[in-house]
Amino acid sequence: MRIDRRSFLSFVIGGAAGTALTPLPWKITDDLAIWTQNWPWTPEPPDGEAAYVNAACTLCPGGCGITVRKIDERAVKIEGMKGHPVNDGGLCILGLSGLQLLYGPTRVRTPLKKVEGKWKKVSWDDAIAEVAAKLSELRGKGPQSLACISGSDQGTVPQLLKRLLTAYGSPNFMDMPSFQDAYAITLKLTQGVDASAAFDIENSDFVLSLGSGIIEGWGSPVRMFRANSSCGEKKGALVQVEPRLSNTAAKADQWVPVTPGTEADLVLGLAHVIIKLDLYNKDFVGNHTFGFDDWTDGEEKPCKGFKQFVLENYSPDKVAKTTGVDEKTLTTLAKKFADASSPLAVCGRGEGKTPGSLHEFIAVHALNALKGSINKKGGVWAVPESDYISLPDLKTDDVAKKGLETERIDGAGSEAYPYSKSLLNRFAEVVGTGEQSPVHTLFVSGANPCYTLADTQAVKKAFKKIPFVVSFSAYMDETAQAADLILPNHVYLERLEDVPPPAGLSQCVIGLSKPVVAPQFDTRHTGDVVIQLAKKLAGSVADAFPWENYEACLQEALGDKWDALNESGFVATEVTPAGWEKAFAGTPSKKFEFFAAGYQPVTIEGEEKTFPLILVPYDSMRLSGGFIGNPPFMTKTVSDTMLKGNDIMVEINPKTAKSRFLFLNDGDYAILSTPKGRVNVRVHLFEGIMPGIVAMPKGLGHTAYDDYLAGKGVNVNELIGPVEDPGSGLDAAWGIRAKLTNVPI
Amino acid sequence: MDAALIQKGVRRCSFGQFILFLAVVGAVLLWGVFAMLLCWIKGLNQTNMNDYYGFALWIWADLAVIAIGGGAFFTGFLRYIIGKDELKNIINYAVLIGFICYSSALLILAIDIGQPLRGWFIFWHANVHSMLTEVAFCLTCYFGVLTIEYIPLILGNRQLDRVPFFHNLSHNMHEIMAVFAATGAFLSFFHQGSLGGVAGVLFGRPFAFREGVFIWPWTFFLFTWSAAACGPCFTIMITKITEKVTRKRLVKDNVIELLAKISGWMLITYFAAKTIDTWYWAAVTAPSKGFWMMDFYSGNSLYGLWILFAEIILCAFIPGLILINKEGRKNKTALMIAVILAVIGVSLNRWVMVLQVMAAPVMSFDTWAMYFPSWQEIATTILPVAYGIILIAISHRYLPIFPQEKELNPIE
Amino acid sequence: MKEEHKHEHKAKKYGMVIDLDQCTGCGACMVACMAENNVPFRKDETDKFLSITWMRVYQLTNGKSFPNTEICYLPRPCMHCEGEHGHSPCVSVCPATATDYSHETGIVSQIYTRCFGCRYCMAACPYHARYFNWWDPVWPEGMEAYLSPNVSPRMRGVVEKCSFCFHRYQIAMEKAHYEERHELKEDEYQTACTQACPAGAITFGDLNNPDHAVCQMKKSKTAFRLLERLGTHPKVYYLSSREWVRRAGDNYLRDEDGKVMDKRKLRN
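So the sequence lines, in the order shown, correspond to chains C, B and S. In terms of the working numbering, the first sequence opens at residue -11 and continues consecutively. In terms of the working numbering, the second sequence opens at residue 2 and continues consecutively. In terms of the working numbering, the third sequence opens at residue 6 and continues consecutively.
Hint data in this document are derived by calculation from the structure and do not stem from the laboratory. All residues carry an ideal CB built from backbone N, CA and C; glycine is no exception. You may find that some hints are simply not true.
[As the list claims (entries may be wrong)] Here are some, though not all, of the chain S residues that point toward chain C, as calculated from beta-carbon distances under 10 Å:
| # | residue |
| --- | --- |
| 1 | Tyr78 |
| 2 | His108 |
| 3 | Cys202 |
| 4 | Pro203 |
| 5 | Tyr257 |
Could you put together the complete structure from these sequences and hints?
Here you go:
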């Protein structure tokens, strides 16, 4: 066979063409490509009818309105509700992540009972019967051994829980602390009212924030964001006083770094300058206050007034030494505050989950009073607690009456702590120290004290001592893990509930959240469970809960507001604070009362010698430090200067990193110890923090929840213990002494 | 055992020895294949690449093997177009090395892309504005050409040659080889250039970006030039290594020296061009975007001015100088040093044009990003080396790669 | 009549103006984007070089030491660069036309099913706005329920990025066509991040339409864009009253005082 050029070429071309003409290789190639475009393991969300449903977000007390986009029965996106008086379309990062909580893997899907350390599914009937049996048995021995920890005392569900305790005969209803607790006492003492503080930030032209995380979740986050934005537009000023360049400090017009714990000194220093320069509001101070000038008490004993006290003790040079803020800055700041037409000083650190020192709150309130920024446009208002819930009076039987007469286990309202309503910070100590726990059965609803309370170890230990803990949590959080029985609530998007008016707002917005989707699992509304439980208990307890179910109860409780709420989801009413003439009728002097030296500053735990640094926790919008664990979306946004792998990053100034005993570069591992514990951390060198301070983000270090959150970083509450405020008994720990050491090689 | 397959008149090692050698290299190859399968099955998360390093070790390896595989096209160009006839004695080997380099490059690309099964979209949905499209087309075509150039070599095997069809086929192919070589040279000029263009057109990356003519940035020409200069160096280097390993001379010195001399002049001119390019970039292009040259050579732990010195002076000017001098070319050690430096130089240049481009921050608040490849990346990069060694070993044993071998190593 | 008709079909150029004075760095835009666009997440997202965030909020510092340190947050979506005549850095390099510049809307699209994962576009983008799917997207059991049908989840091995919520444009246009309109009202098409921003820092609209807020805002004296000097012609504008922030948007040879810039100081 001879091949010439011609046949060679025909062979090559023919062969190529022949193969190309066979459909097989092309078909396979194409099919493979199509297959890669439709991999069966890449989800393909089914399409359907799109709809929007209005509801409310109850993940924090902020009270934002939300609009949920639905495709058939699936909720696919949460957006802020347009036109809502609190958030008008905007929504915070947690609210936006809500569907990950609804469809998340950490939900408790059925009632669970702990049997020999393991969770066992139980039916709702059995679970409720078990609790009822336990309570019936216990009641005779002393109903006060039933206690309840609730996320809040506002709203119908906490009210129903409280009602159950009252009908049963226990005074031990405790709620999670907040800076509003300290404000409530401040308002009681200075203004003689039972009220919560509201801040007319929108109308203030100069806001002095003593470490309040205006844009870090303090108060109602979205509303604060808006107030902050509009602040810039109308040329209002925000001055942030705190040791760390937080987001709020970064957005403020001025950042005044201050040694933590000396904020009250700074405020009184400002007062000194204002008084000395005669810049205070003469009308208010002269006509509506008591205790500014020296006075004599009933026994003709001379008492030093606020003016004299401040002038003697808080001269700028002294204050400069204690606070680290130089005299000039102090004086200028005081003048600016005094020059503003409606200046406003606010306090409550970070997100405001720790109440804080009464000394500081009263000092801040006094500064506002100097300028008359009390119950006035652009100032701080005392707003009586909303009584929108009207439940019928309840009749208690003798057992209950006897039980209710006993002193609360946390001591709130006792002689030692006359003004406090709830002192959850004392819980671990009270339960933990005695031979036997004074609490036999504990309900936990809407709270995760085993994570969020200071000195978590002690709290967990206390929980272990309580024979029967019932959790109403929808998620398998730390507290649910420590419980004996879980009666899972619906997640907020599955339930009907009233939304109590967010505190701190200068208008009263009551909301009603209606279910967006049907319950995904075998969960039950805590309101219903409480009613069912009460009915099982019979007698006067059952009589206190005459409703068929929670919805009927809610309808009655909301009374004439029901229709309006049912229709639009919220009712907003303007709040007008009482004028100066009437506002202070509750005080002995019938005037606003200055306190000169009544309360003491708080010292944090630890010896300076052994612990040369100060550890302060900080809040970030991207980390939920409260009852709700961070959903994966939020954790994804957490900066790598806070968390790297599973290591927490603490912020320190480069000067702190290179001191006599320390040599740390950015990202290095170090050991952080406090009187409460010792952990491994990595350091992030940051110029925006005062030398000598170590700042650790809140919201990490979960041991519960899923792999997207558990085991990441350190829970700062394990390193900090509660410090009782000498005046109020509330937790006032703003940090703890600490030490950083190089990791031994 | 395989004596019938071996050409007459040449000496080869024992079959056992040969198999042992193949087994050792084959083990490395299998390691690479395992890593490759991991990347295909589990995805590119097996690598240490990330969103800052979308292009990393593999793209460097790709660019580098194509550059050093440039010996094939440039030798072909000199042999068939310029008419340097002596080069016929090394062209086979240059073609084989080119074939290995280009097939490796295609394999690496197939591993490197996230969706290998749709890799052909580059042809089907081709975007004519993309340098990568140009690369893909030219690379594939040129690989086809190299295959066509390699086939007659395979057919040259003693047993295959006995089949009349193969003999004639081979003969015919030889006759038209000049056409293919010319096509190949043309394609190669283009895709070597397009690879340079890949980096040069990145106007978002001031470290890589270059002005140019028409659609081609200066790097387009620099890449072609450096490949033409260093590709033959690699051919020489591999030839010399093969001679060392087989312990016999395979190509006459005059052939090597001719190629070395041409490479030398290419290197010197490349050195000049690269210097001008760097100077113009540092003085005009980068500052116009707000960058000092030193912004790209400081603030990190690796990339400093040493890299410029190494690339331009040490690995282009010095080897060029050695090779253009007769004494340099004739001195075996100097020649070897020169070609090795040239190969390092071109590889370093490709590294810089891929990895340093990714590392250097552009936004003022961005950071230098450092990267170290995972073992899977290293294994898959070594895979083609093992594959190349095996193919060279087999080809050398059974195919008439070196026409001068018999003459240089007469068997008594 | 003819004039009017012409106006109706005028090419749009969607863009964004982000007021950095208002941005609080809260991250709501990032999550709104992830929730809207079915962006996957993994157990460890702390390696930001591997974390898919179409919208990423950067933290900028002025490089000064305590207590003169200042920080500013800068949200960075895809810039939807126009380049020269639509030759944005990424579009011009994609070998398979998997990313395209729409002259009708000014949006740079990404066709996931066509992308074969060569990542050349990522190398081309100086903003790091493009992300590769190194892993298969996996949602924890049950969580797939919230996935939106309007945006298909991306398979492993392809590049993805911000689309200016293009599906919202499509939905809005469908509705408009149904109502026999050719033009969208400003509020009919807004991106998820714009809508969610609690501080109202983001404004979105047609940069060509004088009735849209962005058209006026971009002319502000304090407006700047990122890396303008590269010629990418981004369509995301930023506003900042602070000089150092505006300067951080681009690269300069000398600082405000005429001293040679040490760019290392600005890198966190």
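Tested hints:
1. Tyr78: holds (8 Å)
2. His108: Constraint on histidine 108 of chain S not satisfied, violated at 26 Å.
3. Cys202: holds (6 Å)
4. Pro203: holds (4 Å)
5. Tyr257: violated (22 Å)
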